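Spelled out from the first residue to the last, the chains are:
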Amino acid sequence: MNGINVDINHLKKGEVNLGTSIMAVKFDGGVILGADSRTTTGAYIANRVTDKLTQVHGTVWCCRSGSAADTQAVADIVKYHLELYEAQHGAPPTTKIAASLFQELCYNNKDALTAGIICAGYDDKEKGAIYSIPIGGSIHKQEYAIAGSGSTFIYGYCNKNFKSNMTRDETVEFIKTSLSQAIKWDGSSGGVIRMVVLTASGVERLVFYPEDYVNA
Amino acid sequence: MNHGPYDWGRPSDDTYGAYNHQIAAANNSQFPKMNTQQPIVTGTSVIAVKYQDGIVLAADNLGSYGSLARFSDIERLLPVGDSTIVGISGDISDLQQIERILDDLQVQDSYDMEKPNLKPEHVHEYLSRVFYNRRSKMDPLWNSTIVAGLSSTNELVLKYADLLGVTYSSPAIATGFGAHLAIPLLRRKVETEEDASKLTEEEAVELVRNCMKVLFYRDARSIDKYSLAVISQSRKKIDIHKGLRCEDMKWEFAKHIRGYGAPQL
Amino acid sequence: MSSIGTGYDLSNAIFSPDGRNFQVEYASKAVENAGTSIGIKCRDGVVLAVEKIQTSKLLVAGRNKRIQSIDRHIGVAYSGIIPDGRHFVNRGRDEAQSFKSLYKDPIKVPNLIDRVGLYVQNYTCANSVRPFGINAIVGGVDDDGAHLYMIEPSGVYWGYCGTAIGKGRQTAKAELEKLDLPNISVKDGVKEAARIIYLAHEDNKDKEFELEISWVSQSETGGRHEFIPQELFDAAVQYAQEEDDDEEEEDEDVEVQ
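Protein chains in written order, with full-length UniProt numbering: chain A, 1 to 216; chain B, 1 to 265; chain C, 1 to 257.
FYI, nobody ran anything at the bench for these hints, they're computed from the structure. There may be inaccurate statements among the hints.
Stated by the list, open to error - Cut-off 27 Å, straight-line C-alpha distance, at most; resulting in silico cross-link-like pairs (DSS-like, lysine-lysine): (1) LYS141/A <-> LYS100/C; (2) LYS255/B <-> LYS141/A; (3) LYS137/B <-> LYS65/C; (4) LYS127/A <-> LYS100/C; (5) LYS108/C <-> LYS141/A; (6) LYS125/A <-> LYS104/C; (7) LYS242/B <-> LYS163/A; (8) LYS100/C <-> LYS137/B; (9) LYS207/C <-> LYS115/B; (10) LYS115/B <-> LYS100/C; (11) LYS100/C <-> LYS125/A; (12) LYS79/A <-> LYS65/C; (13) LYS225/B <-> LYS163/A; (14) LYS225/B <-> LYS160/A; (15) LYS141/A <-> LYS104/C; (16) LYS189/B <-> LYS160/A; (17) LYS115/B <-> LYS29/C; (18) LYS141/A <-> LYS242/B; (19) LYS108/C <-> LYS115/B; (20) LYS137/B <-> LYS160/A; (21) LYS237/B <-> LYS189/B; (22) LYS79/A <-> LYS100/C; (23) LYS108/C <-> LYS242/B.
Please read these numbers as outputs of a predicted model, since none were measured by experiment.
Hey, can you work out the whole structure from these sequences and the hints?
Rendered as structure tokens:
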């Protein structure tokens, strides 16, 4: 064709992807989210200190995997909805409501999105709660959730080692070990391990550098 | 510098040709709008068979992500009202959408605050219309379903509906892999309505449980944990048994199998 | 102009000089002579009851229900212009459905009443419409427990422990105030509701009526809004009639003295 044209498929190939290792785990006081920090375009690491843990409202957060652009757009829209929800209903949204919004967006736009999201949070009603929303837009309530390309390497480890009602420190160790293995075997995951602890007392961030976790 | 992009001009038409206005159009494509997708998280077979006093149906609890056994707690037998079970295979996000559609239907049915009027024949007709409408929009709900229950006249209903809008009824129905593996086993006992009228409840449950075992042996997208529903005409009741396991499996003969042809130690 | 009063009552869109919207006030008149409806908030749920005036002997007994559901967990009883009530309920259902389609959770009762309140208020602002000719009692249960509201044609709504509307409202309110609300059980609430409707019917004695009672409670109905079971209904009616007779006897005693 003679006109200037845009090959969307070519652009899609160059898209920035969160080829990722993410997880969220419930524990006796709430929930902890964890993620690696690598963002790639193909084999090139576009960002080695990415923050894939995103706040959508107070103590309701999400882990993003898939297309960086798509998941950021979805998280932004959910954040907007939750802000509106609190203003309209005079109470903060529950994790379930946030997860339902993610689900609604991912399901209705499944043809346009590459987004695998874990929505986890702490609310007074349910305490800790975790919802996995894989591509396709189904929703699954879980005790713990893993996702992203690196997660395939740790299904066995997590299944064998997860226990309900662990303490906070046990949970941090569990996530650290799991993600360090995912990072070790998945070329698309790497960098630091970030965590966010969500409890009745609020939000706490943790960072673990390679020297902290390689032998974890 | 002038910062208005519209004032910057365009590459000359002589060199590059006229601007292709389709680029700016929302659906910039030479192709028709494509809504058809592919199933992502999936559930495998649902099987069902009639017996003299009702229907037995079963579906396992696996949600597969390709070959990855990702979720093992998916409930694919949905009760609708008090006299219908809908068994769903295929895409799980669409299964959940169907669940929501049927829930809305039940809320509407309850507006008159009478007993549920929603019967399996209605649910089946409604579902098949939803399926056909969606496939006609080139945006199908990627599922095969079995609707079973007791009709308004307390008669047995056992029908199939799928993503294409195809429907049929039979005393033994199975979706997916079950259509290949379970149907021959089910028809060995229940080929006709008359056969069904001779089968007892215990025999029917036994038959279905055996099919679930064979499916676990031979369907690589199945697990050995499943739900089983028993619809009874005389009791006017539906029981759903959850978390059942495949039992009495035979694996011992494996020890006699050595090599793949030529004798081997 | 003089033959039609001041003229300030001809439109919703015009205040009277002393700041009143006459159309809204007239709408309340539509309620004042209608059959009585009451709502009782109890420890574990809500009871709704209506005195359904039979306008014709040809109407099928036990049909033409007046209490309606907005969602599984929310019920409505209203007095006034019935078609207005039907429209109000339809709007409530739309709001409940729209909430659920977005958030995948049943709407909480206070949020529902916020939404329908806004809708009713809108009918007091424009020249092209008239206000709702009803008072509606909305009751339900959600995660935060039982809720009871009453909404008026102006769009104003308050939360109540017990509320009554329609012709017998004064009698009913007096009786409701004697109850220990919201600390009674829904089962007791049902009996009291029947009694109060029978009592309130004294204000409308010349007309036949049919009693309707519904309830919604976590313990009795699993959080669903339903008509009460027949046995309970019969027992409640029996209780109501006995109480009613007692009262008449008391009245007679007074006369004798």
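Hint-by-hint comparison with the structure:
1. Between LYS141/A and LYS100/C the alpha-carbon distance is near 18 Å, which keeps this suggested pair within the 27 Å criterion.
2. Simply put, LYS255/B and LYS141/A have alpha-carbon atoms about 41 Å apart, too far for the 27 Å limit, and the pair is violated.
3. The hinted pair formed by LYS137/B and LYS65/C fails the criterion: a straight-line CA distance of about 40 Å is larger than 27 Å.
4. Restraint check for LYS127/A and LYS100/C: the C-alpha separation of about 22 Å stays at or below 27 Å, so the hint holds.
5. Taking the CA atoms of LYS108/C and LYS141/A, the gap is near 22 Å; set against the 27 Å cutoff, the hint holds.
6. Restraint check for LYS125/A and LYS104/C: the C-alpha separation of about 16 Å stays at or below 27 Å, so the hint holds.
7. For the given pair, LYS242/B sits about 23 Å from LYS163/A by alpha-carbon distance, which is consistent with the 27 Å threshold.
8. As the CA atoms of LYS100/C and LYS137/B are separated by approximately 25 Å, the hinted pair is consistent with the 27 Å bound.
9. For the hint linking LYS207/C to LYS115/B, the alpha-carbon distance of about 31 Å lies beyond 27 Å, and the restraint is violated.
10. With a CA separation close to 23 Å, the supplied pair LYS115/B and LYS100/C stays within the 27 Å bound.
11. Among the hinted pairs, LYS100/C with LYS125/A is consistent with the structure: their alpha-carbon atoms are about 18 Å apart, no more than 27 Å.
12. A threshold of 27 Å between alpha carbons decides the hint, and for LYS79/A with LYS65/C the separation of about 43 Å lies outside it, so the pair is violated.
13. With a CA separation close to 21 Å, the supplied pair LYS225/B and LYS163/A stays within the 27 Å bound.
14. Between LYS225/B and LYS160/A the CA atoms are separated by roughly 19 Å; this keeps the pair inside 27 Å, and the hint holds.
15. A hinted pair counts as satisfied when its Cα atoms are at most 27 Å apart, and LYS141/A with LYS104/C qualifies at roughly 14 Å.
16. Pair hint LYS189/B plus LYS160/A does not hold up; C-alpha atoms about 42 Å apart against a cutoff of 27 Å.
17. Between the alpha carbons of LYS115/B and LYS29/C the distance comes to roughly 36 Å, so the proposed pair goes past 27 Å and is violated.
18. Between LYS141/A and LYS242/B the alpha-carbon distance is near 18 Å, which keeps this suggested pair within the 27 Å criterion.
19. For the proposed pair LYS108/C and LYS115/B, the alpha carbon gap of about 24 Å is at most 27 Å, so the pair holds.
20. For the hint linking LYS137/B to LYS160/A, the alpha-carbon distance of about 45 Å lies beyond 27 Å, and the restraint is violated.
21. A distance of roughly 24 Å separates the Cα atoms of LYS237/B and LYS189/B; the hinted pair therefore holds under the 27 Å criterion.
22. At roughly 19 Å between alpha-carbon atoms, LYS79/A and LYS100/C fall within 27 Å of each other, so this suggested pair holds.
23. A hinted pair counts as satisfied when its Cα atoms are at most 27 Å apart, and LYS108/C with LYS242/B does not qualify at roughly 31 Å.
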